[in-house]
Structure formats: C-alpha cells, structure tokens
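A.B. asks: Since the structure of chain A is provided, determine the placement of chain B on it from the hints.
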Amino acid sequence: MTDKTHELSRRTFLRGTGIALALPWLETFAIGAAPKDQTPRRFLSVYHPDGVGLPLKSDPAWSDWSWFPRGGERDFVLTKVLDVLEPLRSDITIYSGLSHPHARNVHGHSNADQYLTGAPIGGHGPYRNTISLDQAYAEHAGEFTRHSSLVMSTNGGVGGPRGAQTQSFNREGRPIPAMNKPRDIFNLLFVTTGKDAATRLARSKSALDLLIENTRSLGRQLSTRDQATLAQYLDAVRDTEQKLAKAQRWIDTPIPQVDATNLHLDAEPKEARLYFQTMYELIYLAFLSDSTRVATFQLGRENGEGPHDLLSLAVGLGAAHGLTHEVKKPGGWQNLGTYNRYQAEEFGRFAQRLKDTPEPTGHGNMLDNTLAMHGSASSSFHLSRNYPIISAGGKNLGFTNGRYLKFGTGNEDNQAGAGIDTDAGWQSKAEVEELPLSKLFVTILQRLGVETDTFGGATGSLSRV
Amino acid sequence: MTTRFVALLLGLGLGAAGLLIAADGPDAPLTLAAAKDQGRAKSRFLKGAKEVAAAPDGAPQANVAHFRESIQPILQKSCLACHGPDRTEGRLRIDQLNPDLLTGPDVERWREVYGVLSKSEMPPADEPDYALADQARGQIVDWLSGELDTASRIRRQSQQHTSFRRLTNYEYNHALQDLLGLSYPLANKLPPETASEDGFKNSAELLQMSVMQFETYREIALKSLKRATVTGDRPPAVTYIISMQEELQRASAGDNEAKVFRTNEERYRQHKHQHHLLNRETGTGIPYGGGKVMPRPEAVVGQPTPVSPVVLVLPASTELKLDLDRFLPDEGIMRVRIRAGRSSMNPHEYASLRLVFSAHTSNDANFSEVISERDIPVTASIDDPQLIHFDIPLGDITRNPFRHLATTFPRRDEYLHIRNISNASRGDDRLQVQIDSIEISAPFYEQWPPKSHTNIFFESAQRQDEQAYGREVLNRFLKRVWRRPVSPAEVDQFMTLFDDYRPQFATFEEAMVEVLATALSSAEFLYLTQRATTGESPTAGKISDFELASRLAVFLWSSIPDAKLVELAEQGRLREPDILQAQVQRLLSDPRASRFSRNFVEQWLGLERINSVSHLAADDPLRAAMLEEPVAYFDEVLRQNLSVMDFLHSDYAMVNERLAAHYRIPEVYGPQFRRVAITPETNRGGLLTSAAIMTINSDGTDSHPLKRGVWMLKRILDDPPPPPPPSVPQVDLTDPEILKMTLKERIINHRNQPACYSCHSRIDPWGIAFENYDALGAYRTHVKDQPVDATSELFNKQTLSGIDGLKRYLLLDRQDQFARAMVHKLMAYALGRPLSFGDSAEIDKLTAEFRQRNDGLRDLIFLIITSDLFQSQ
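Here the protein sequences come in this chain order: A and B.
The numbering used here runs 8 ahead of the 1-based position in the first sequence.
The numbering used here runs 5 ahead of the 1-based position in the second sequence.
Next up, chain A with everything else stripped away, as it sits in the complex (with noise of 0.2 Å):
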C-alpha cells in the first residue's frame, strides 16, 4: 500500500466529492488504501438449525406451512411461511435445490459448521474445516474498517466440533470465536479504547525497528545478488510496519458515537424478540457507522439445549428444536411454520430498516449495497439437502431480487426428503441432483469485489443469479 498513485488519487476524491469528513464512512476511506468503489459493499450470513417445515403434498398442511414458495421464478407464490417478506418481494431472492455436496449424507446436526465453507467434515473422527465465505471476504475488505468482521450468534464462543457455534472460520479453518452478549458487542464496536491494543502496537514498532537496522547491517556484508534477497525480507517487514501504522491509526480515530438510550442491551434470548431485534440492530449500526462490512449470525446451535432453544418463546412456542421433531403431532407443521415465519420477520425487519436507510455515499439506499443472506444446511428433519436459502439486497452489487431460484432437477416440487421425522431421511440415497451452493459462495464472492473462480470445492459461479 505504498503506491504512490493510490494516495494522490485519494486526495483527488476526497476534494472531488466535498462530503464532510465527519462521516464515518470516510474516516475509515482515509486510512484503508482507496477501495475500487466508494460505496461500501457488505456482506451478512444469517443461520438458523433445525431446518424449516416442508409436509408432503398430501398433507392437509402442505399448502399453508411448507416452506418454499409455489409457481415459477417471476411469479412465485409465498407460503404463510414467508408470506411475511412480501413487503420486500422485489428486494429478495429464494433458492432451492442447493447444498454442500459432502454433506448430504451426514447427520443435520453435525452440518452448521460447514454452511458458510462446503468443507467435508463428515459425521465423525477427526476434523478439519477450511474458511467461511464471510472470512474469504473479510480477507478484502477488512482492511478498509475497524473491525474486518463482525462474528455472532445466539449462544457464542466456538461451540464444539460438529456442533458449531459460530458460522465463521478462518484460513486455517479454525473456529472464529462468535459473540453473544448485546453489551459486549456494543462495547465492541462504540466504547472500546483499546488501549492494551495501543501497548503490543508500540511493542511491535520498536522490535520491527530493530529488525530493520539489524538487517541493514547484515546487508551491507552480502554480494550484491544475496542483498536483493534479503531486500524481500526486509519489504515484508516494512510492509507489517505499515500494516501496524494502519492499525494504529484505527487506534487514532475516533470512534462513533452512538446513542445507547433506546436500545436492550442486557436482552437475553429468553427475551426473544428483544434480543433478536437487538442483535439485528447492533448489525445494522455496524454497518451504517462503517465499523465493519462483514457480519455473521447465528441462531443457536444445531440440536442441543441452550438459549436459542428459548428463541421459539417469541411466538409463544417452546423449545425449538423439539417442533422439527413434532411435526407429525397436531398443528405440528404449523408450529413449526410459525417459528419460521419469526425468522424471516426479523430478518425481513432487518433488510427493511436497510432499504429504508439512503447510503451515505448517496449511492442508493444501504440494502442495494448489502447482500444479506438467511438459511439453513438442512431442510428437512436431519436433512442436509435443498438447504432453504433467501437472499435479501445486493442491487448495486448485481444481484436482480423478486425472483425464486430453482437449481437441480427432479425435485421442482421440493418433495424429495418431504414429510420425514425420522433418520432414514439423511441417511437415504440422495436420489435428486442439486447443484454446490460453494458456486452461490463464489458469485457472492466476485459481485463482492473478490477475484476468484473457486470456493469450498467448487469451480465456476451459479448462472441466473
């Protein structure tokens, strides 16, 4: 980032534009290198376990409680399940048929952790994962914000193997600790001075000083042709210099003020709808301040106890998890529908209150820049085929909404796997195709400004989209 061209030319657009500098947007412009487009391009990932509801067609439920709409791409018809997203039709999309191939036969409650990397984790032994879609991304834009991503979910830390807690793994594939108390990440994001951050800054500083005096002297005992290699060392300890002196400057800036007063930050999941709307603003005061441009949700984890198993509390329903396996009993489907048609409210809040938002770059409104994405890895009971994907946003991004996406053949109708409560659903041949969603993950990835033809395995991006 020494390019001398990338500085003038950013001093040349801070003039042009004339927009005040206040805007937090543009603190964070000033010290990232000057991104291709000024417009902030954002990317979100919310999880939800269990799946959705999705009874056979001769089932009385089918027509009211199954989750995938009805009729063609244009013309599609919303269950009760999303009837709620209507409001937004011409802002969102819904996908069918796509999965990670490598899990297709494993447990539904092994799969969270490989919704947003395709990696093949399998059912059991040891276990190996590779880099989340939102940390691919991050990896790009990162650099341009305080915090190059914003990890979440309902029950927090990492979880465990197979039973992930968090959506968001790093190059290495390791777990990405997620966060999941309001409080701490308001802290995060507007309170936080960092002033430890400030000491092993100052500490790096003066060891890279060091390094690079050292390496002059040893330099200047070299032949020319052995300086030139070491003239690669010491560029990349020049280079970690000048990423400390970015980061310092994060440090520098000032952080936006935010006013606390109206929001519930000591909301629990047992307060469901609280919580949830909190969380989704706290995403979306991320993203409006620029704090970050990457975040990841995750509504608890895939079957277990724990407090996202109270979230169903909102619709007056207990336990969560315990509705996938009641389907069959009395108003089960609609119970489950139910919940879901919860997740897709607040999601569709979330995606309205974007929209609502004109971008400070008075590029559009905030959602036309923002694709932000609401599934699962499992449709059925323990299913993890036909994940039920919707995306919301993404206009300037080139994403064209108000359509149903089928991909696959043979299972248009979205019966294959319908109407199971039992084991031998996943562990069934899968008898459909249904296409990579890693090829989703990489047109998301290149609409997102990242140059790349692969991710988790699959070459080439999905067509239609």
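If you are wondering where the hints come from, they were derived from the structure by calculation, not from laboratory data.
Do not rely on the hints blindly, as some may be mistaken.
As the list claims (entries may be wrong) - Selected chain B positions facing chain A (Cβ under 10 Å, derived; list incomplete): (1) Leu212; (2) Thr501; (3) Thr523.
Since the structure is predicted, the reported quantities are computational estimates derived from the model, not experimental observations.
Just so it is clear, CB atoms sit at the ideal spot from N, CA and C, and this is done for glycine as well.
C.D. replies: For chain B alone, kept in the frame of chain A given last:
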C-alpha cells in the same frame, strides 16, 4: 511441467491395460548381480580422466549438421515456395532462419514453425503440391522439439543460483525445536511451500518471504518461547491414577457381583477376547472397558507402586476409554504413563499402544483424533511389566470447547482412549496387552523450572542485576540463534529494546521473552547467510567456518548447528580434515540425521504426491508403511555405506509386517522396518518397485506407464523429458472414433501423431516395463484375465523385458548416469539451489571419485561435504 503431463495423461485415460509391444526375450538372462558387476566394469568414470571430460551434461551444442543434412531439404521442398525469396507469406523467410537454436536469434520464429507443423496447420491443406508426409513432418518436429528443449535447459542452467536462502518450514521447525528443547511440532501455521523443478523444497528462489510469512514467524516465536519458559511457582498438576486393583473392586461391588467370572468357567470363553479386568492370581475377572475417573488431589506423580496381580486385559484392536471429565488444564504437557506387559512372548505377534482423544458434546457433535505421535510397542512380559509413556501437548490437540461451562450441557467431558494396535487376531492364546496401572498428569514437568527454561534463564551470579544478567542472557541466546559470536554493540541493540519493554511487564523473564522473540524473527536466524569475501584473500568465494557449520547442520540435521559445531568454527578448526570427518560422523550418528533421510528421500522421489492419490485412504496402515519404506531403505544404505546401485536392485528389502504382506514376503512380524533377504521370486529389491512409487505413479485405478516413465527419467536418471508442447493435440474423447478404441489403441493413436511421437517414444517404454505392478504396487501376472505384457522397446531400440529387463539394462548400461544423478541430486539438496552448467565439471569429478570408491552412499556424503562446491558460496 509434471502437471501439464498429467493433464495430458488424464486425457488419455491411460493405464487400464498393459501395452503389448512385440519383442524378443533375452536368450539367457544375466543375473542382476552379474549385471551389476559387468556394468560397473564398463564405467567410463573408472577409465581415467580423458573420457570423463565428455560429460553428458556439458554445455550442449546445436545440432546444425543434422539440420543441413535432413531438415533443410524438407523445408526447401515444402515451405520455400511461400516462405522464401519469391513469396514471403507471414513475413517468414524459412531460408533465412538461423538453425542454431541454442545461440541464434530466431528461437521465437522457430517456435512458431514448430507450432504450426505439429498442429498440421502448415503446409495448407489446399496446397497438395507441398503436402508434407507424416514421416517428414515428424522429422522436423522431432528436431525442433529437441533443440527447443535443449535451448530452454541451457537458459535455466546458465543462470547463476545462490545458496543464500531462508530456512524451509521444516528446517525452521527443527531449528526452533532444537534451540528451545521442545519436541512437538511448532511451525504448522506457516504457509505451505512448493518444490522446485527438480523436486527439492530448499531451492533458494522458491523460498519467498511475505508479510504473512513474517507475521507468522513472529507469532510462532513468541508462542514457542512462552511455552519453553515459565513464571512463578510450579503449577499444581491434575493427576489421575487408575489402579486396576481398585477398578476391579469398584466394578464388582454391589449388584455387579453377578458379572464376575472365573477363568476356569465355561462362560469365560465369551469374555476372554474382550477387554476385561482379571486377577491373574485368583482367576476372577469382570468385563471392563473404562469409565469415569477423577483426579486425585493428593496424588504424587511418578511414585513407584508394587506390581499388582490385577490387570486390564486389552486384546488386539480394543481400547480402554477413560472419561477424564473436564479437569485437564488448557496448556502444558499431559504425561500418560502406562505400566503394561505382554500376555505371551510369541515372536510372531506384536502389540503397541496408541492414544486417541475425543469428546461427544451433544448428539452428533463429536470428534476423535489420534494424539500420540507414534505407537509404542509393548515388549516386556506381564511378569515383569514395562513403563510406557506418552507426552501430549494439550494446547495443540483438539479439545472439548465446553469444558469450562458452568452448566452440564453441552457435555463437558473429554475422553482418553488407550488402544492396542496388534496383529494378534487368531488363536486361543493370542497376545493381549495387560495393564496394571495408569497415571495421567498435566501439566507435567520433569523438573522445575523445566530444562527449556533454564537453557535460556540459566543460573548466574549476576541474576539480581537485570542489566548485567540481561546482557548475559542475550549474549548466549543470540549466539545460538545466529550461529556465531555476537558483538557487544549487537547486544546493546537488544538491551535497548528490553529497557523499552521492561516497564510493561511484571517480571524480567516476561519482558525478556518478548525481546528474544524478536531475535527469532531476525534475518540471520531465518536465513542461511553467506557474507561476501574480498577478492584477494585466499578464502575468496569460500564460506566462513560459521557458515560451514550452518550448512552442515542444515544438510544433515535439517536444523541449525549445535554448540559443538559453532565452537569448532569459532576455534577455526572445523575445516581440519580429521575434525571435519569426525564431525560428519557425529552428525550422521545423531538421531537428528534421520531428518536428512526423510526429507531428502521424500523430495528426491516426490513422495508427497501420495497426498493427492485417490485410491489409498489417508489412515490406511499400508499408506504409512509405503511411505516409510524408501526412507528406511535409504537409511540402511547410508548407515551401512552400501552402494547406491542397491537403489536400482538389491537382494534385500526393507519391510514391516504390513508391507511384507503386500509384497508377499513371509515371516515378517511387527510394525518396525527391518532388512530381510529376498529371492528373485518376490520381484522386489531396490527402490524402483516400491509400493509408494508405483502408487504415486498410477491413475487411481490402475498403473500409469507414462507417469512411471516420466518419474524414471526425472527422478532416477536425471534426464527429465520436455513438457508437452502447447499445441499438443488433446485426446478428443468426444470423437466417436476415438471412443470406440481400446485404451491401448488410444495410446498408440496418440503416440503416432507426429507432435506426440518424439516425446512419448522416449517416455512410455520406461513405464511399460513396470506393468507387472498394479496401482498400489502389488505384483501381478494378469490384468483382467489377460497376461501382463511388460515388454517394451526404448528409443535406442533396446528391448526391456519387464522389470528384470529394465533393471538389467540400467545395471549394465546406465550405472554412470545413475551415479551422476545421485551426486547431482544430493549436491543440489546439500546446497539448496539448482545446479548450473558451471557446476558440471565438479559434479563429474565427484562422480568419478565416488565410483572409484565403490559407490558407497556414506562415502558420497563425505565427498560432497569436502568438495569445493559445498565449501564455496
């Protein structure tokens, strides 16, 4: 280069059937031993210096004579009309191109000519008068491909290469381990490295530095130093003691009494080969596979206890699964000490112990992994049991992330499995492991403070004076890190940093650790330096004694030199012939020398490719055995100073039980590798037919003659074939005519195209000779009910009949080439750089000396180390 070949090969779908190429069998085959002797007698390296001068690798000359004689007339006949003085299509005057591709200016034009001819784009199809017969086209393409390849080799080898390089990841890891006295892997986080054209990972130009690499070094340095050093008092250890005597009492208490059995009862039969507790004196027992155990706060670690008659009986492939609950600390070494013995001493049966760690946090959220680095054999009788111990770094293994929860769900427990890996699966008296007590303790320290700590923070009279002691600590540490004496000014630099840091930390040690971590990120630790010398001095161009010490240690230990080597360098005595000789002996006799065998062999033979084969599971014991064989073999040849010609063929093999079964060598028991004599009927001997090599050169279902041929040329004969030309036609599997063909026909069809013929005819025959070995290297006489035909004809019309024929030919006619290849490969590895034309005279000289000394591998190591090349920059 390899990857492009592979792409081509995949297109061919090669490998399902043996290639049938008619040939006459040799009349009275010479034994291989006789071939070895006869071949040696032919060596030109043994016939004096004059002939040696005509080295095969000397700077090549352009083949202009051949051009004038055979190529030019064809060009004149078919090309000149349009590309000559009368018409000059495409601004090409074929008559004016300089036929010297090695030094002439027209290489790029010739490359175009090569392209259009090999693709049959020229002469144009609508000019029948100038049509080019396949044979004539082949001649031109042949000549051009040869010359173009030579030209590119010249370019590559004319470059000057330097040995100034950073340490490879594995060298860095060993350097850190040796320096800090930590035995477990420390450098896993470094970005992966790639191998050079000749397979070596230590090639200077490939060892790049990046911000990420550098930041990772800094991170690893600090983390490792924090692990090597300690602060404060010895932390209390969590200790579990499992006495089988107590377990038996507990298990038989109360209602469980009914489960107790006696060895003289009929029902014992159903328990005998399951895990159970047994009182060897009274003959009473009870089924038992482990369970919950709790730490004992009062326990003293390592306390000797009397041997108990009550043992856990662990038959082959069973395990004891201990639930340790949630009490193991996050960091530190867990020592697992097991007192065990064998139930019988039958030499054909072996048993060893392996540790597995697991957790099951909720439904379907679980993991388990092997945590012991290697299985430890149980060799003692249960009448006089042995102590087996494992040291496991708890911070490096996968742990149960919920262990600190205040609530009980998700489950917090962590499990330790002790597994018996054994071949004893038959017979009523089959071998079982018997264990009478187990002790698990963490964090475990042999002593306090640990040795790794006192190595850095040693006792000193000046200990109370932070400035004086700090200088002392730095002086000693920097000297080890930089492998040379340190000047006071250099120590000053680091003391300034220390003064800067000191107020930020509670203790001297904590601040100093941060400073030392900086030294571990310095160029002089991470790089193998060579300081410039002045032109006039007698040592001009030579590396210094300190640099020699480093080069020796990196070559033979994959690490930095120890104090002894640095001391000799400091005294200026390391180059004294006797001392150098003794030091090389010392280095080779040290256990660290096994790193040399492993790293060199893996890179030389390209064994890493086993990671990308699809037909052998990563945890298959055969895979582990396969990978070990060539290393064990090399080690044997090195230790015994045997002839490197043994790599081509030997009357012994290095095998363990698993591999011996694969090779159908009888009577080999146990997991350890050992030398066994073999007969010709085993169809083994030497490295060429090792299962690993056959496996990496197969296509996932069957042998792959082309890959095997390329491997032979590259790795054994040091005569790599050129990469396929960019215009090479792919095998068109959408063509219905081609689809109808058998694989063999496809190969021949492909090979007969002029663009392909010249290379394939040089490669394929080498690989076809291996057809008796399947995709996993098992010997076979039939493929799909058809007898294998492994007979082929080399480009020089030499017939190779199967592996015997191939070996015979190599031993009779190619010993010099192979000997030189060995010298070349070892020297490139030792120097950490590709060799160039400038090195070739020295390599010839060394090869001659090497051959005169009877081709001994250990001798070769000495020759290399005492050579001018090794001691020069």
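A.B. asks: Taking the numbered hints from earlier one at a time, note which ones the structure violates and give those numbers from smallest to largest.
C.D. replies: none
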